[in-house]
Every structure is written in structure tokens, then in C-alpha cells.
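Undergrad: Just so you know, the sequences run in chain order G and Y. Quick note on my numbering: the first sequence kicks off at 1 and runs consecutively. Quick note on my numbering: the second sequence kicks off at 1 and runs consecutively.
Hints are computed from structural coordinates only; laboratory data are not their basis. You may find that some hints are simply not true.
Stated by the list, open to error - Restricting the straight-line Cα-Cα distance to at most 30 Å, the calculated cross-link-like pairs of lysine-lysine (DSSO-like) are:
#  : chain 1 : residue 1 : chain 2 : residue 2
1  : Y       : LYS115    : Y       : LYS164
2  : Y       : LYS87     : G       : LYS152
3  : G       : LYS278    : G       : LYS309
4  : G       : LYS108    : G       : LYS72
5  : G       : LYS164    : G       : LYS115
6  : Y       : LYS16     : Y       : LYS75
7  : Y       : LYS87     : G       : LYS16
8  : Y       : LYS108    : Y       : LYS152
9  : Y       : LYS75     : G       : LYS309
10 : Y       : LYS159    : Y       : LYS137
11 : Y       : LYS312    : G       : LYS312
12 : Y       : LYS137    : Y       : LYS93
13 : Y       : LYS87     : G       : LYS87
14 : Y       : LYS309    : Y       : LYS77
15 : G       : LYS154    : G       : LYS75
16 : G       : LYS108    : G       : LYS16
17 : Y       : LYS87     : Y       : LYS75
18 : Y       : LYS16     : G       : LYS87
19 : Y       : LYS152    : G       : LYS87
20 : G       : LYS154    : Y       : LYS87
21 : G       : LYS93     : Y       : LYS87
22 : G       : LYS115    : G       : LYS87
23 : G       : LYS87     : G       : LYS152
24 : Y       : LYS159    : Y       : LYS93
25 : Y       : LYS137    : Y       : LYS87
26 : G       : LYS87     : Y       : LYS312
27 : G       : LYS87     : Y       : LYS93
28 : Y       : LYS87     : Y       : LYS72
29 : Y       : LYS312    : G       : LYS309
30 : G       : LYS87     : Y       : LYS159
31 : Y       : LYS93     : G       : LYS93
32 : G       : LYS93     : G       : LYS152
33 : G       : LYS312    : Y       : LYS309
34 : Y       : LYS278    : Y       : LYS16
35 : Y       : LYS87     : Y       : LYS278
36 : G       : LYS159    : Y       : LYS87
37 : G       : LYS93     : G       : LYS137
Number of protein chains: 2
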Amino acid sequence: MNTILVVGSVALDTVKTFSGASHDALGGSATFFSLAARHFAPVQLVGVVGSDFPREHRVLLSERGIDLSGLKIAKGKTFRWSGRYGKDASVAKTLATHLNVFKDFSPKLDEAHRKAPVVFLANIDPALQAEVLAQMKAPALVAADTMNFWIKSKPQAIKELLAKVDIFFCNEDEAEELAERPNPLQAAEVIASWGPSVVVVKKGEHGALMKIGSRFYIFPPFPLADIKDPTGAGDTFAGGFLGYLASTGVYDDVDHLKRAMAYGSVLASFNVEDFSTKNIEDLDREGIDERFHDFVDRMSVPRSDELLKSRKAALA
Amino acid sequence: MNTILVVGSVALDTVKTFSGASHDALGGSATFFSLAARHFAPVQLVGVVGSDFPREHRVLLSERGIDLSGLKIAKGKTFRWSGRYGKDASVAKTLATHLNVFKDFSPKLDEAHRKAPVVFLANIDPALQAEVLAQMKAPALVAADTMNFWIKSKPQAIKELLAKVDIFFCNEDEAEELAERPNPLQAAEVIASWGPSVVVVKKGEHGALMKIGSRFYIFPPFPLADIKDPTGAGDTFAGGFLGYLASTGVYDDVDHLKRAMAYGSVLASFNVEDFSTKNIEDLDREGIDERFHDFVDRMSVPRSDELLKSRKAALA
Chain G
1 MNTILVVGSV
11 ALDTVKTFSG
21 ASHDALGGSA
31 TFFSLAARHF
41 APVQLVGVVG
51 SDFPREHRVL
61 LSERGIDLSG
71 LKIAKGKTFR
81 WSGRYGKDAS
91 VAKTLATHLN
101 VFKDFSPKLD
111 EAHRKAPVVF
121 LANIDPALQA
131 EVLAQMKAPA
141 LVAADTMNFW
151 IKSKPQAIKE
161 LLAKVDIFFC
171 NEDEAEELAE
181 RPNPLQAAEV
191 IASWGPSVVV
201 VKKGEHGALM
211 KIGSRFYIFP
221 PFPLADIKDP
231 TGAGDTFAGG
241 FLGYLASTGV
251 YDDVDHLKRA
261 MAYGSVLASF
271 NVEDFSTKNI
281 EDLDREGIDE
291 RFHDFVDRMS
301 VPRSDELLKS
311 RKAALA
Chain Y
1 MNTILVVGSV
11 ALDTVKTFSG
21 ASHDALGGSA
31 TFFSLAARHF
41 APVQLVGVVG
51 SDFPREHRVL
61 LSERGIDLSG
71 LKIAKGKTFR
81 WSGRYGKDAS
91 VAKTLATHLN
101 VFKDFSPKLD
111 EAHRKAPVVF
121 LANIDPALQA
131 EVLAQMKAPA
141 LVAADTMNFW
151 IKSKPQAIKE
161 LLAKVDIFFC
171 NEDEAEELAE
181 RPNPLQAAEV
191 IASWGPSVVV
201 VKKGEHGALM
211 KIGSRFYIFP
221 PFPLADIKDP
231 TGAGDTFAGG
241 FLGYLASTGV
251 YDDVDHLKRA
261 MAYGSVLASF
271 NVEDFSTKNI
281 EDLDREGIDE
291 RFHDFVDRMS
301 VPRSDELLKS
311 RKAALA
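Just chain G, with the same shape it has in the complex (with noise of 0.2 Å):
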């Protein structure tokens, strides 16, 4: 079991979407990474919250078995962000971001965190990932997502940061942004080139692809009727990906990040069913290999005798 150390917001949240709003509910990056990725692995969380952060926060946190010893308490207010979806799922409308004590946020890794083999720099500002990243003691998987405000603003330091990233998560429009290419792939192949051998991109409801060397592979969304807020889903999708990945210690092989993909888009589809965190603080691990196994089966295209020799000849 490889520890990861995930370095992110801890915020509330006011979110209104097509079926309903919440009212400074748990949310931040770090924190539903640490939900989704702590099924498969001891999970580490480092950030700020203010005194104001609810204590029943902290507890859930902890009581499902997430390292809190990073996570420091500053005099002020927690992070704060608002937004709105409309009818198309993927796109969040940013009503207000009020960093309060995230904004002197500046991570001293201790001893512990140091040594964690899988690192996860959520969506901070690009100078602030690249200290936690220089801190760290030559982790064997560096994993790092971003957003728009900071392609925006610092698209220098973030192709700085992705030098030292292994596997990059963004979404499409931000990859695309950031690449200055008209569609996922063609970004996807361009933020390859400053470094990540692996480049995951998340198209909200319609899936996300995953790039590995030349190849693409591209994954549709577990199929759901009802999508009730879709804030956290990224970050979820990235901890059931690199929960998975860090069980097995293997970063580098197909099959494993194939599984990983399926692994996060389960995770996604839990948390997108409901408000906040409400999902995901609950499941277990067999609920969550239960939607795995489904998933994958529907996805399956099992080929006919025929077609298994017609690949075959293909094959010889």
C-alpha cells in the first residue's frame, strides 16, 4: 500500500445547479480526492481551513481514515467558493471565490509527508504545486491538476511544473486553452511534449480520454439519469485513479491506468448523485467495485468466432 500525499483546497461550498443548492457544504479539491482515493490507499492531506471550519467536517474526514496531521487550522475564514451549472453539466459558472486564509497558504511539508511515494498536486496555484513538489523526497508517481484561472494566469509555471509531472489531469476546455488546440487530442499530444507521460483529460458527462505514449483511449462516463450536482467530480475522478494506481504500485502499464480510468469514472459517478460529499463519504469498497465491474462489462464488446479469427489473421 503506497501512501498519497494530497496537497489542495479544503473549502465550503454554495452551489446551485438544475436540481437543487447547497449552502457552504464540505467541499475542495483535497477533500474529495482524500474520499475517493482513501478505498485504496492511506491517504495524506495537507491544506488550510479556518476556524471557522466545522469540527463535524474534520471528524468525517478523519474518522474514514485520512491523515489530517497536515491540515492546519489559521486564524480567519475557510476557503469559500459559489457557483452555478446550467443545463450543460460540465461547465460551472464561478459566482464568487473567496480565498480567506488559502490565500497565505504556503505548504511546509513534515518529515511523514515527505517520504509519501505518490504525491497529488490538486488545483493550487503552479509556484505554490512546485514548492510542495521540491519538498517532496523523490516520489515514485507525481500526479498534478489544474484550472483555468491559472492557465490564464501562470500558463508559464504550470509547463514548468509539468517537466517534473508524470500524469496530468485537466479538463477539456482548460486543455485545450492551455495547448492552444482546437480539440482534446490535439492538447493532449501538445502537453505530452512539455513532459507527462501520461495525460488525462475529463470531458465531464461525456467521459474522458487518457494518453500514453502515441496512443489514446477514450472512456465514456458511467451512464446516469440523473446527475444532481456535479461539483468535485474531477477531483473524485483523480482520487479512485490514483487510489487504484498507487494499490498496486505499477504507474507505467496500460492495462493498470485502463483499470485506473474505469476506477475514477466510478468514483466521479458516485459523487455526481448527490450534493457536496453527501455520495461518497459512505460507500465501501464493495459498492465501489460493484459499479467497477458493471462498468466495465458494459463497455466490453466481446467478439464472435468469426471476428476472433478475423483477428487473428490480422494479428499473423
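Position chain Y against the provided structure of chain G, taking the given hints into account.
TA: Showing chain Y alone in chain G's frame:
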């Protein structure tokens, strides 16, 4: 080998896309469908063209084994469509539609056509689709497509037709409009309640989904970094899908239907790589199967030994 009868348009298209343009090029739903389906089963095309329809197009279709005995030549001009695609390849903006000889199209099937075991009612007036169907002698498989224009003008006629259709194809936005539902899964649910045992919702560059009974199967698109012209993608999809099914004679088995989805995706992917019918005119079955196997391999998620055990436990 079960013969497929297709009734639809044969047109001259003028198209502008992000990567170029074509003028009065071979197009039409029955054309694209036939060029895809002919690799799998005999195809009879029923339609109408004007006296201006270039002889070379007729020769092209005929040389590829498509039975044109039902393609009438009427006095007047061939049906013309002109459209434009923006960055979002899945949405065509219609610039002009000149029905011309298609306006008075009222297909009378002759004896050979009426006996076809498989019929595809491509995108024409639903009243005409029903008229064609009424002339058929108990086909084993009835499939149909439609488009926004008919959904807006004749929704009731479409619903009545659907009671007699086994497999219905439509685009995502069309499905949502027809069913008055906000997402393709809910829309497919409603449409299935009107009759078709299989509903296929095409999502353009995002792939396609299929509903069989209460279960959804979502397929990614074949990954392409360059799309030149999406015109005809839906019809080549239907052609690959129904062509494969017709070749097997099995119309209600999930694995056969999944392979049909994969063949549909593959034919559509070839089609969009060039303008008009250019890239599908000279395909051969070997090249199609090669991409089919590649597509199925990319989608497959091989289970590890551990996951095979967890699956066994879940099924026990």
C-alpha cells in the same frame, strides 16, 4: 446475407467546415448509409435524383454493388443541402435546403424491394417513412432515423411511426427535443416507451449511447485528432450498425448490438476524415475490421487476477 432496403435522400451537398469546403458533392442520407452498409450485406437504395445528377455518382454507387433499381430519375434538379460547421463538429448550421425533385418523392416499392428482411427508413418525412413501411412484407428488422425539422413539424407522426420501429437512431439534441427531456438517457427512456426495443442516441464527437431494455451502453468515439467534415457521420454510423446486424441475422442480442455500435462508430470515423464520401468510397472490409479491432482493444479494460476474484465474489 440479409438484404437491407434503405429509403432516403441522395443529394448534392455544399459544405463549409473548419478545415475546408466542398461544392455540390455527393451526399444524402441514403448515399452515406449505403456506402457503409454495403461492406456487410446487399443494399437496395430507394430514392430520387434529378436529371442533373452526375452520371459518375451513379456509376460510383453501382460499381460498389449498391442496387440502384429503386433510384428514380425525375425531371428537375437533385435535392441540394448546404451547411456549415463551427468548432463544435457535432452541430451543423443549415444554410440552405432545396428539396427540388425530393419535394414530390413518394416511393413505390417494387416486388424485390418489398421482400427485404431489413429496412432502414432514413431521415425523410415521417409520413413517407410510414408509407414505405406499409408496403413492406413483414420485414424482420425495421430501423429509422429522423431530424429536427420533422420533430418540430410532425412530432405526432414520428411517435406513430415509432410504434412499428425496432431500432431508432437520432442525435442527442433531437432525442431531447422529441422526448422533451433534459438529457439523452432520460430521452432514450421516453422514446423506448413509444415502441423501439433499441434506441441509439448519436452524440457526434462524443460517441453514442444505446438503450436496450432497461440498460444503457455508452460508447466513446474512435479517437481522431483531425476531423475534416462531419456530414454523413450519422448515416454511415447507421450503415455500419445495421450492415453488421443484417450480416448476422441476429437482431436482439446484446453482444451483437454492441458489435454493431462499434462498427457504426468505426464507419463514422472513416467518413469524417475527409469531405463528402471521399474517404469511404474505397474502404475494404479488411481495413474496417482492422479499425474495429483497434477500437474494441482500446475500450477493453482487462481485469487483474485480483479483480477477477472480486468479480467472481460479486456474482456468487
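Undergrad: None of the hints should be skipped; say for each whether it holds.
TA: For each hint, the structure was consulted:
1. Y:LYS115 x Y:LYS164: Holds - the C-alpha atoms of LYS164 of chain Y and LYS115 of chain Y are around 17 Å apart, at most 30 Å.
2. Y:LYS87 x G:LYS152: holds, 21 Å
3. G:LYS278 x G:LYS309: The hint is violated at about 48 Å.
4. G:LYS108 x G:LYS72: holds, 10 Å
5. G:LYS164 x G:LYS115: With a Cα-Cα distance of about 17 Å, the restraint between LYS164 of chain G and LYS115 of chain G holds, given a limit of 30 Å.
6. Y:LYS16 x Y:LYS75: With Cα atoms ~29 Å apart, LYS16 of chain Y and LYS75 of chain Y stay inside 30 Å; holds.
7. Y:LYS87 x G:LYS16: Holds, at about 29 Å.
8. Y:LYS108 x Y:LYS152: holds, 26 Å
9. Y:LYS75 x G:LYS309: Distance of about 50 Å is beyond 30 Å: violated.
10. Y:LYS159 x Y:LYS137: holds, 22 Å
11. Y:LYS312 x G:LYS312: At roughly 28 Å apart (the allowed maximum being 30 Å), LYS312 of chain G and LYS312 of chain Y satisfy the hint.
12. Y:LYS137 x Y:LYS93: violated, 38 Å
13. Y:LYS87 x G:LYS87: The given pair, whose Cα atoms are some 20 Å apart, holds under the 30 Å limit.
14. Y:LYS309 x Y:LYS77: violated, 65 Å
15. G:LYS154 x G:LYS75: holds, 28 Å
16. G:LYS108 x G:LYS16: violated, 35 Å
17. Y:LYS87 x Y:LYS75: violated, 38 Å
18. Y:LYS16 x G:LYS87: holds, 29 Å
19. Y:LYS152 x G:LYS87: holds, 21 Å
20. G:LYS154 x Y:LYS87: holds, 26 Å
21. G:LYS93 x Y:LYS87: holds, 21 Å
22. G:LYS115 x G:LYS87: violated, 43 Å
23. G:LYS87 x G:LYS152: holds, 25 Å
24. Y:LYS159 x Y:LYS93: holds, 26 Å
25. Y:LYS137 x Y:LYS87: Given pair LYS137 of chain Y, LYS87 of chain Y is violated - Cα atoms ~45 Å apart, limit 30 Å.
26. G:LYS87 x Y:LYS312: The given pair, whose Cα atoms are some 39 Å apart, is violated under the 30 Å limit.
27. G:LYS87 x Y:LYS93: holds, 21 Å
28. Y:LYS87 x Y:LYS72: violated, 37 Å
29. Y:LYS312 x G:LYS309: holds, 28 Å
30. G:LYS87 x Y:LYS159: The hint holds at about 26 Å.
31. Y:LYS93 x G:LYS93: Measuring from Cα to Cα gives roughly 27 Å; hence the hint holds.
32. G:LYS93 x G:LYS152: Measuring from Cα to Cα gives roughly 16 Å; hence the hint holds.
33. G:LYS312 x Y:LYS309: holds, 28 Å
34. Y:LYS278 x Y:LYS16: Distance ~15 Å between LYS278 of chain Y and LYS16 of chain Y Cα, so the pair holds.
35. Y:LYS87 x Y:LYS278: holds, 22 Å
36. G:LYS159 x Y:LYS87: Roughly 26 Å separates the two Cα atoms, so the pair holds.
37. G:LYS93 x G:LYS137: violated, 38 Å
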